[in-house]
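A.B. asks: As a plain string of letters, each chain reads:
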Amino acid sequence: MTQHSMFKIETVAPKIRRVTFTNPPVNVVGADTVVQLLAVVDELSKDEKFQVVVFDSGTPGYFFNHADLGQVPELLALNAADGTPTWVELVTRLTSAPFISIASIRGRTRGGGDEITLAFDLRYASLEEAVFCQPEVAIGIVPGGGSDRLARLLGRDRALEAVLTSEDYNAERAEKYGWVTRAVPDAELDDLVNTVAARIASFDKASVLGAKAQINRSTLPPVADLRASWAEFAESVNWPGFQARVPQLGKAIAEVGLDEIERNLGYYAGLINQQA
Amino acid sequence: MTQHSMFKIETVAPKIRRVTFTNPPVNVVGADTVVQLLAVVDELSKDEKFQVVVFDSGTPGYFFNHADLGQVPELLALNAADGTPTWVELVTRLTSAPFISIASIRGRTRGGGDEITLAFDLRYASLEEAVFCQPEVAIGIVPGGGSDRLARLLGRDRALEAVLTSEDYNAERAEKYGWVTRAVPDAELDDLVNTVAARIASFDKASVLGAKAQINRSTLPPVADLRASWAEFAESVNWPGFQARVPQLGKAIAEVGLDEIERNLGYYAGLINQQA
Amino acid sequence: MTQHSMFKIETVAPKIRRVTFTNPPVNVVGADTVVQLLAVVDELSKDEKFQVVVFDSGTPGYFFNHADLGQVPELLALNAADGTPTWVELVTRLTSAPFISIASIRGRTRGGGDEITLAFDLRYASLEEAVFCQPEVAIGIVPGGGSDRLARLLGRDRALEAVLTSEDYNAERAEKYGWVTRAVPDAELDDLVNTVAARIASFDKASVLGAKAQINRSTLPPVADLRASWAEFAESVNWPGFQARVPQLGKAIAEVGLDEIERNLGYYAGLINQQA
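Protein chains in written order, with the numbering used here: chain H, 1 to 276; chain V, 1001 to 1276; chain D, 2001 to 2276.
Here chain H stands alone, though its shape is the one from the complex:
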């Protein structure tokens, strides 16, 4: 097993692995994260012994957070030999992976990190700890794929609300909107994840993957849409709206600290726009 600095892969049962994402201080998703996670998915996909992979976080307060704004050029430069953006490859590989991915969500899940989370098969969230947000519009860009998945789960108006307000959503509303599979009290989350993981791991792998393929056939966004959204995101980082908001965000971080901003990004993303 290769070492990936941000991802720890453990075998928790004969057919179950746990992948823990740790990128302190706030678990942002950078170009390096994407490269490592794709390698992890690749490894997991080749190992036929496993059929369930639980994804969790090693950074308290954060699950998969938004993209690292300091690595946007590197993120946009990642492309496969055939021109497919690596990001699109990552999320499509996840949804079609030959294992079942279960997100155990404690903490903030935002932007690109939310898009990765939406590409997992099952999403279980802590009522006390999980927070969901697509912050792109508040900082002057557009999502690179989150719209495509949210629209299919939440319906047009609720997806518009989530994406257009860039607001932080708690797990209770996220469950009501269909953003997560279930939200449960934090004390029950591990039991729920472990029970579902153990159950699916006990079943015949051909059946598990055959059923997943059936549901994928009915629910996945067209890859062309994912590519289009990614291209729109790539273009939007050149817009003046983004160029003007990044320094505002930097100023806010300098004033109140990164930790405070990241804890309440929905609030501060609103604030920098009011001041602009």
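I should point out that these hints are in silico values taken from the structure, not numbers from a laboratory. In this text, a Cβ means the ideal position worked out from N, Cα and C, and glycines have one as well. Be careful, since some hints might not be right.
[Unchecked claim] Computed beta-carbon distance windows for the label pairs: (1) V:D1047 - H:A213: 34 to 40 Å; (2) H:T84 - V:R1093: 34 to 40 Å; (3) D:E2188 - V:R1093: 39 to 45 Å; (4) H:E188 - D:A2187: 27 to 33 Å.
[Stated by the list, open to error] If the Cβ cut is set under 7 Å, some of the chain V residues that face chain D in the computed set are: (5) V1137; (6) G1140; (7) L1164; (8) E1232; (9) A1234.
Guided by the hints, dock chains V and D onto chain H, whose structure is given.
C.D. replies: Okay, now just chains V and D, sitting in the frame of chain H:
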């Protein structure tokens, strides 16, 4: 700004407008309403300063009500030069408009008026005052587009229940079914609408509209379906079932009064069928 | 009216029929059930007097249960002259039938029986008595169409959870996920079903069927998908995973009795996999 007898357009903040629909006594949607509203959408679309438009009602008890049965021929005669029904043009222009529309819903929202409401981007409803209904089937016709949108939001069975029973739905169930974005106590509705409007208005317009376009790509019904539904509606007004029910409805209005009928249309639409 | 040993057809009102499915001891769906139900649908479709059909069960504790594992070869051998699997014909005929079908659900609704139930137009469930499950994956096969419909109603992740865990779902969660139209206290179920049936039966048939066709246009899975899922199911019964689990299930039945197994199939389907 042109004058429209039924629509009052106010500027409530530098980037926010409010459009108030007032067509007493019960806010029916006539051919005149469609012509005026399309002109309003046209004007709002051309004015690049604005990015959020709140739609509300000036007639207590009613939001956008059903089509005016006295103006059906006029409504069906409205077509663009290329043959597109003006109705289809109105609802498609609304969903693709270069601003975010937010419905602030107090009162009855039915039939064609519900179809307009379903074409707005966000729908916030008063738990005490909002009522939703597609009454077409009860009066012997079919919807002219509401089915297409409800089916995508509610799922097959709940859309069938709503459309086939022609029943009045309260805001609590409407929220549960996904017919509205959120239902809140009446006392909190203005705050919710104003907060969401101000937040979206503070963001970069290119981002707001870019994100809306992404979600539209995933969720809008094909225009061909909207045209088909409109043609089916147009045909259905010639059916004997409709011809027989209109006088029954007229008789009921004569007996208990228009106000009572409109307040409880779900009930009376059922009653005239039992008596038929 | 032809006699069908498993289906009793009653006229409960001038335009309403009730079809009661009774196949003791546990209402499994066999090849014989499919042939009879298709004949019933055929008869009901030809009789223009009726416009609502209520489907219920005459076997306490069970609605339409899973496929009869003893009749799988017979089930797979059923094909129309043009090669269409009779199963696909049955569920597509139900969704496009010239009447409105309402499921009155008391008891366990699983697998193939759940797929039939998902092909009905409206689903009303007893909170105390109704249970839902797609048990295929737990016994080493894949669903033959349930995935296609669940995915459209529940969304990708919740459909994956339901199908991949093969767990028993109570009516409260089924309603929350959109698996049923409404779940109500058992004491209120008959009133709800009768009220909705009577209301729809009182309306103009052309309108009722015209509106149903509009919603079908927006929501039905492509027939090609249903055929594909059926072919995948047909292939999966040859998989070693299924061949190994059938005797395990037989052993469990021998040990604790068919009644106990069927009451808690979700639990025992898990148990035989843990022991395997």
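A.B. asks: Decide, hint by hint, whether the structure agrees.
C.D. replies: Structure-based check of all given hints:
1. For the pair D1047 (chain V) and A213 (chain H), the beta carbons lie near 49 Å from each other, so the given range of 34 to 40 Å is not met.
2. Checked against the given bound of 34 to 40 Å, the beta carbons of T84 (chain H) and R1093 (chain V), roughly 35 Å apart, stay inside it.
3. Distance hint check: the CB atoms of E2188 (chain D) and R1093 (chain V) are about 44 Å apart, consistent with the given range 39 to 45 Å.
4. Judged by the Cβ atoms, the range 27 to 33 Å given for E188 (chain H) and A2187 (chain D) holds: they are separated by roughly 31 Å.
5. The restraint placing V1137 (chain V) at the interface with chain D holds, with a minimum CB-CB distance near 4 Å, inside the 7 Å limit.
6. Annotation: interface hint on G1140 (chain V) holds; nearest CB of chain D at approximately 4 Å, less than 7 Å.
7. The beta carbon of L1164 (chain V) is positioned within 7 Å of a beta carbon in chain D (closest approach about 5 Å), and the interface hint is therefore held.
8. With 7 Å as the threshold, the beta carbon of E1232 (chain V) comes within range of chain D, its nearest partner Cβ sitting at about 6 Å, so the hint holds.
9. For the restraint placing A1234 (chain V) at the interface with chain D, the shortest Cβ-Cβ distance is roughly 12 Å, beyond the 7 Å limit, so the hint is violated.
The earlier numbered hints that this structure contradicts are 1, 9.
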